[in-house]
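Here are the chains, one letter per residue:
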Amino acid sequence: MEDLKIGVYVCNCGTNIAKVVDCDATIESASRLPGVAIARPYKYMCSNPGQEMIVADIREHGLNRVVVAACSPRMHEPTFRKALQQAGVNPYFLEMANIREQCSWVHEDGAVATEKAKALVKAAVLRVARHEPLERRSVDMCPDLLVIGGGIAGMTAALDLADAGSKIYLVERADHLGGNLARVDLTAPYLDSARDMLTDRMTRVVEHPNISLLLNSEVERLEGFVGNFQATIATKARNGNAADQVATVDVGSVVVCTGYKEFDASRITHYGYGKLPNVITSFEFEKMLREGGVETKEGKAPQYVAIIHCVGSRNLEFHAYCSRVCCMTALKYAHEVKSAVPGAYVSDIYIDMHAFGKGHEDFYRRSSEVKTLFLMYAKDDYPVIRRADAKDDCEMLIEVNESLSGETIEIPADMVILMVGMEARDDWADVAHLVNISGDKDGWFIESHPKLDPVATTTDGIYIAGACQAPKDIPDSVAQARAAAARILGRIAKGKLEIDAVFAEVDEDKCSGCRMCNELCPYTAIEFDAEKKRSHIISALCKACGACVAACPSGAIAARHFTDAQIFAQIEGVLA
Amino acid sequence: MAIRANPKLIEELETYGAQDVSKCYHCGNCSATCPFSQDPYILPRRSMRSLQMGLERKLEGDLEPWLCYYCGECSQECPRDAEPGETMMSLRRWLTSRYDFTGISKLFYRSWRIELAAILLVAMLTGLGFFLFGLSQGNIHHYDGVNAFLPGEKIHFFDWGLAIVLLVLLLTNCARMWWFTIGRDKSKRVPLTAYIKSAYLLPMHFMTQMRYAKCERKRPWVIHLILMLSYVTMLILIMFFVKRMAAGPAIDWRVHAFGLAATVGLLGTTIFAVRGRIKKTENHYKHSHETDWMFLILLIVVAGTGILQFILHRSGLDMAANITYVVHLMSVVPMLGLEVPFSKWSHLAYRPLAMYFAEIKAEAARAEARASQGVRAPQAA
Amino acid sequence: MRIGVYLCQAGIGDVDAVNLHSIASYAANLPSVEVVRDLGLLPKVEPDAFAAEIRAESLDRLVIAGDTPGFFKPAFTRAMALAGEDPKEVRLASFNAFGASSGNGTARAKSVLACAALGVPFPLAAVPDTTAVRPGTLIVGGGISGIQAALEIADAGKQVHLVERTGTIGGHMAMFDKTFPTLDCAACILTPKMVSVGQHEMIDLMTYSEVAHISGSPGDYTIKVRKKARRVDVSACVACNVCADVCPQRVTSEFDNGIAERKAAYIPFPQAVPNAYLIDAESCTYVQSDGAKCGVCAKKCPKECIDLDQADEIVELEVGNIILATGYDVYDATKIERYNYGTLPNVLTALEFERLTNASGPTGGKIITKTKRVSKKRGEEWVFDVDEGVPPKSVAIIHCVGSRDANHNAYCSRVCCMYSLKFAHLVTEKLPGAKCYEFYIDMRAFGKGYEEFANRIKAEGTFVIRGRTAKVFAQDGQMMIRGEDIISDRLVDFPVDMVLLSVGLIPAHGSADLATMLGLATDDDGWFSELDYNASPTETERGGVFVAGACQAPKDIPDTVAQAAAVAAGVLKSIATGRGLNSRADLALSDIERRATSLVRI
Amino acid sequence: MTFEPKIVGFLCNWCSYTGADLAGTSRIHYAANVRIIRVMCSARIDPTFVLKALHDGADGVLICGCHPGDCHYSEGNYKMMRRYPLLKALLADYGIEKDRVRLEWVSASEGQRFADIVNDMTERVRALGPSSIKTALATDMAER
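Chains as they are written, first to last, in this note's numbering: chain A, 1 to 576; chain B, 1 to 381; chain C, 1 to 602; chain D, 1 to 144.
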């Protein structure tokens, strides 16, 4: 290796640094450090002349390492890295000493601050001496996509990418597209036709040349990593005798849109679902609406219809979470009952009315105006449904501890609609395992960041969209599906997948195969090679947090750019 | 014990003017805005709630509607335009019909046609009766004295008769009000001492309407007070001093001054109210039930014909005065005979009574709480 | 096929935008249409009676046409079933859903009706032609949605021009301390994104700039951006603060929402991107005196990068797509007199409290009440004084301020319940022993982890009172609050030291101008109208124009981010293929009719 | 002259280092005794870093990471949180006073908090006096 030739540049930042820190003394001290070929101050290192000075020095003096003592690396590290690159030096041969934000701006005593600046510069010099040239690498990015689930989210993601030219494998377990939305008649709050919306999407999917629609199919296996997955898809044979078809396809990304299932209302005994004939679930009522059969099991038009919210949601016994869409659906039913059975009385038994979206509050107000009787109950204080007596003019009576009046109220009902909440699908854990993501305690898939990255997961290349991440209404599912599509489009646009030069590596010679690191990685980037009995990091998935590095008992894992040697050098430096 | 809800009641109340109550989503804004709202009488939201759910029996027993003076601040601030003020007004109409055992009140409130027909019928009968009586008994050119077209004493006799009928009707209705609000609830016994202790409230509220003054805007109170005082003055004058009122040609200012003032008061406030209801100047004038108009028109006719016959009489135009007088009586009789017991004017009795009852009930509740030491500890604050 | 067309209006939206008479006669001339009846506003449709009509006319398809015909569909479906016809053959011609409530509403309504009569979903038929698309994208607004959209597109290697009105990107999120429901620090997750935007080679960041003019057509828009005179050279400024130190003019800080002051030479906040100062011309002595006075900052600037005489500049951009991410403003609480905001010193709005409780805010995150300060120059004023201010012993939080209220904004602002709960948490956490009250109507904790968060706040000891406060007033020098505690069935009337108003969201000022410039529809409340509420929540009737985040309707951060990323899908798709859709708004009736007819086979 | 301890600070890049920068941009003054070393995540902080720092003459070590739940890498800070008691126990076995090593959560907006922590820690370590570890370790090494 050629001799170290370190250039140290101390920025005055006008007087921002120089007013407190004695820059000349810092220079002087730095110039005596091992390997330092040149040490110079400048008024503003970040300015063009400042950067040009570095470039000129590299060219003139053959510098191979650069230390800039200036502001926070969060500000200008990219600036100076560019300067190095321009001069033909690997950009990672740069180290910055933060002598502004963490020195001159926070200390008043010049002498003390100067000592600290000297130490920080020394740490940087010692560290940079141990830097290694790093290269950003890239892996191939297959533009094709696997979409699991053919509901509204899955179809949306598929269409966006198919339009952009990718080949899509849309895998749906059922024999038709549309998911749960296919069971719905009208959507809230504008009472638009769900069928029209689905017909539009389904027609496009079926007719799209880039979409390979695989109904009656399931993904059996997924291997590989971002940009390079191999998916094995099994398609059930149409007739019983033929064997299932199994195909393996190459895809670059996977969007999981497996949606939800409805809560099983019979689990709440208070409601007598399954025992009382005219206690039905929202989906059963939806079917009545689609077929024009809003009537009791006895074939009569119900005079009193009651709607009970939060069935299986927002309680301690079943699910603590809110299912997000049921309130609006319930309000929709209030209107629909009044339309299908003019003169019917509708009671709506709720906890809090979640009418939060665009047009929702207005819809709620309209429901009030058509004289829906709203009754409020407290969480976990379930209304109780019983058969009415013969003298009553109704089939059932619902007893509610009504919070807005403080009274115990009995509501007449001929039909009771239970607003069943959303639940993760029974096999969510299998799906999570299949694509290597995780679910929360309720079985909803966990996103990479609840706020800033609601579509990615901790496994790079696997995205989630729609209600499989958490209960969601149609616009929010569509938005999330398109967000996943955008992320994938962005990566395809570049052709290759750029991998940051900073990531962790396993030295196979040192690895003992203890697998301690395997479970530690939040991005499941560490694989265990059973044959070699060694762990291995998929650099494309590594985000360089270094958790495994610190944990490895054999010291076999090195964090590029944050190696033990580099940090040890820094420790020595700051303590000088 | 669960109370059975009746989703149909809200439809019944629509005919009494409560069109918007279903819009209420119970934010509690109105109750906290209301100057009359005070534990244990929280209004108007609770009444809105009972009405939405159709808790008929509970509503019958509520005094809250009578504690509201309709300053309208609740309606103004209501985020859902549910018109709590108007709902309370409608509940007062509905309660009036409930207190009235004859069922006439209900007919009037639910159909303005029936009410109008009843008024016209009574007016016609009255007119016919007096005209025939006058023609057979006296001289139409003569206004006062024994040979008068309508002799004072006879009329006065009729007045008293009417007054007694009125009183009986009112008293039975008031008794029913007591039954609904206090008597029926066996769980809460009100000791006799409480009745006596608070008895002073009845005349006080009747005469001063002091609670009305709690409204932020004082003008409605002043107007209402003038109207009420004028009316009562007139009533007293007619009941006790009608002879002197009618005696002419000399003017007895000790009586006539009151009479004139009352007439001016009646006419002035009525015209103000009519104008207000047309232009919707006040919150409580924004919605007008047919019975409101009926009542105002009757009042104007009564006051107008009253003053006109006085002027005609004093001007010596006895015949014209006599005819006007018959018209006057034709409006007075339906007003007193129909409006007071069966319609809007019954609140003259119900409102002070309600305040009296409210205090008694609250006092009884306080005594009970003291006895059981079961004072509910405040949860917050 | 025998079709019956029934016009039924629900009275929603701009009902005068369509000519029903003309639509009815159009419907009568459509093939197979046998019956056309106008049933008027909010008709009572009796299924039994209608079943008789269906039988009598032997209709086998019904079309309900109107502003929101879904309101009447169940009755017609029932009637079809009773008449023994296929209940699926009830088709909706929804004028509002497909943009017939504005512009050439009647023609659009006719095309919607034609599609319904043919049994073809309108969005399938009403697809405009494609057109060539320029690769650049304009994003208006540098809040979290603008940032997210910019990064999604720029990370794909496509050019973005991000135009932000203020001196820094970051928007409202940069003002927040914590974000619900995870309570992670807003700065921790936002500032790295801001820095990425500032350093991204594909993002042309134009702060302190406004869109002045837009011309062109989908795929080829020409934008004039007014770069307001910042008077500080962004590339040279090192954020040393000398200009602010020497500046003699103090004004209230917009970033701190008026609870602190800044100089006329200032940086909105320390982590601003670009990390450069600016001179506020409105308050600058030099600018206001036409150069006669002051100018000291320019003289003292060590980098000599202040040009106080700088003038506005117009920059022209050519882009293919436009993303509107203009966000929101908050409701003006002074409009609600009963809360006495602006009169009582310790009644604060949500954004004021965000700054107060923010660790990098004026009090360093200490929650204190205001102190009275009297000075000759400025008279009596109430300020947050870290040394003298005392922490409040009780804090009341009022929900739905300006929201869900016919007298103000009828809509729900979607985020206030959750941020109010967050405030309650911050109060109980920072001020142990202080009482905290939440006055709410409905607790709208609907998102992932929200309900659990609400449960946690209640468990922490916050008094959650169902009932919106009616009044905040002063009594004998003490602030009082009066409301109804509905669940406990009593009136509450008690003293508090601080009141927080959970003000609702309104469209950002200036968004109406943008809508006009682009010929974009807004709803009654001024939020930009999306193309299709369910199916296309980020597109608009105008080709190449997208909406992201709260400018479409109030939205929380996760939903905003998802939507902003979703917008990028539309943009990237068009850039990838080089073709984008024209405006649906420009589609002619005949085009839609033709396409719908060709699609009938499905 | 008062004793000026030397403290090494390991700060995570996303929250704490940014918070320390904010203290700077907000010009919050604090003791100059802490010298900061940036790591990507507090989970990267190997116990040997702490030992190395103490060995090389540090009188104290400050570790800062994101608040629980805020980790850029989801739960790196929890890993540090779990390692910390073990580290403390180890140090206690070496006879190192507990105040010499400290773990704190500092967010990107907590510039003031960072300054307060630095000042407080400096005072505490100053009160403890110079660390004897360096000499102890040196003796130990020599004996082996």
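Just so you know, the hints here were simulated from the structure itself, not pulled from any lab data. As the structure is a computational prediction, the values presented were derived from the model and not from experiment. By construction, the Cβ of each residue, glycine as well, lies at the ideal position given by its N, Cα and C atoms. Treat each hint with caution, since some may be false.
Here are the simulated DSSO-like cross-link-like pairs (lysine-lysine), alpha carbons at most 30 Å apart as the crow flies [claimed, not checked]:
{"no.": "1", "chain 1": "A", "residue 1": "371", "chain 2": "B", "residue 2": "197"}
{"no.": "2", "chain 1": "C", "residue 1": "88", "chain 2": "A", "residue 2": "19"}
{"no.": "3", "chain 1": "A", "residue 1": "494", "chain 2": "A", "residue 2": "510"}
{"no.": "4", "chain 1": "A", "residue 1": "371", "chain 2": "B", "residue 2": "106"}
{"no.": "5", "chain 1": "C", "residue 1": "293", "chain 2": "A", "residue 2": "287"}
Derived, one-sided and incomplete: chain A residues facing chain C with beta-carbon distance under 7 Å [said to hold, decoys possible]:
{"no.": "6", "residue": "317"}
{"no.": "7", "residue": "443"}
{"no.": "8", "residue": "446"}
{"no.": "9", "residue": "450"}
{"no.": "10", "residue": "495"}
Hint check results:
Simply put, residue 371 of chain A and residue 197 of chain B have alpha-carbon atoms about 44 Å apart, too far for the 30 Å limit, and the pair is violated. For the suggested pair residue 88 of chain C and residue 19 of chain A, the alpha carbons sit about 81 Å apart, so the restraint of at most 30 Å is broken. A threshold of 30 Å between alpha carbons decides the hint, and for residue 494 of chain A with residue 510 of chain A the separation of about 36 Å lies outside it, so the pair is violated. A distance of roughly 23 Å separates the Cα atoms of residue 371 of chain A and residue 106 of chain B; the hinted pair therefore holds under the 30 Å criterion.
Proximity of residue 293 of chain C to residue 287 of chain A is assessed by CA-CA distance (about 77 Å); at most 30 Å being required, the pair is judged violated. Look at residue 317 of chain A: its Cβ only gets to about 14 Å from chain C, farther than 7 Å, so that hint breaks. Checking residue 443 of chain A against chain C by beta carbon gives a least distance of about 12 Å; that is not within 7 Å, so the hint is violated. Among the interface hints, the one on residue 446 of chain A is violated; its C-beta lies about 10 Å from the nearest C-beta in chain C, farther than the 7 Å criterion.
Residue-level restraint check for residue 450 of chain A holds (minimum Cβ-Cβ distance to chain C is 6 Å; threshold 7 Å). Taking 7 Å as the C-beta contact cut-off toward chain C, the hint placing residue 495 of chain A at the interface is violated, the least distance being around 9 Å.
Checked against the numbered hints given earlier, this structure breaks hints 1, 2, 3, 5, 6, 7, 8, 10; the rest are met.
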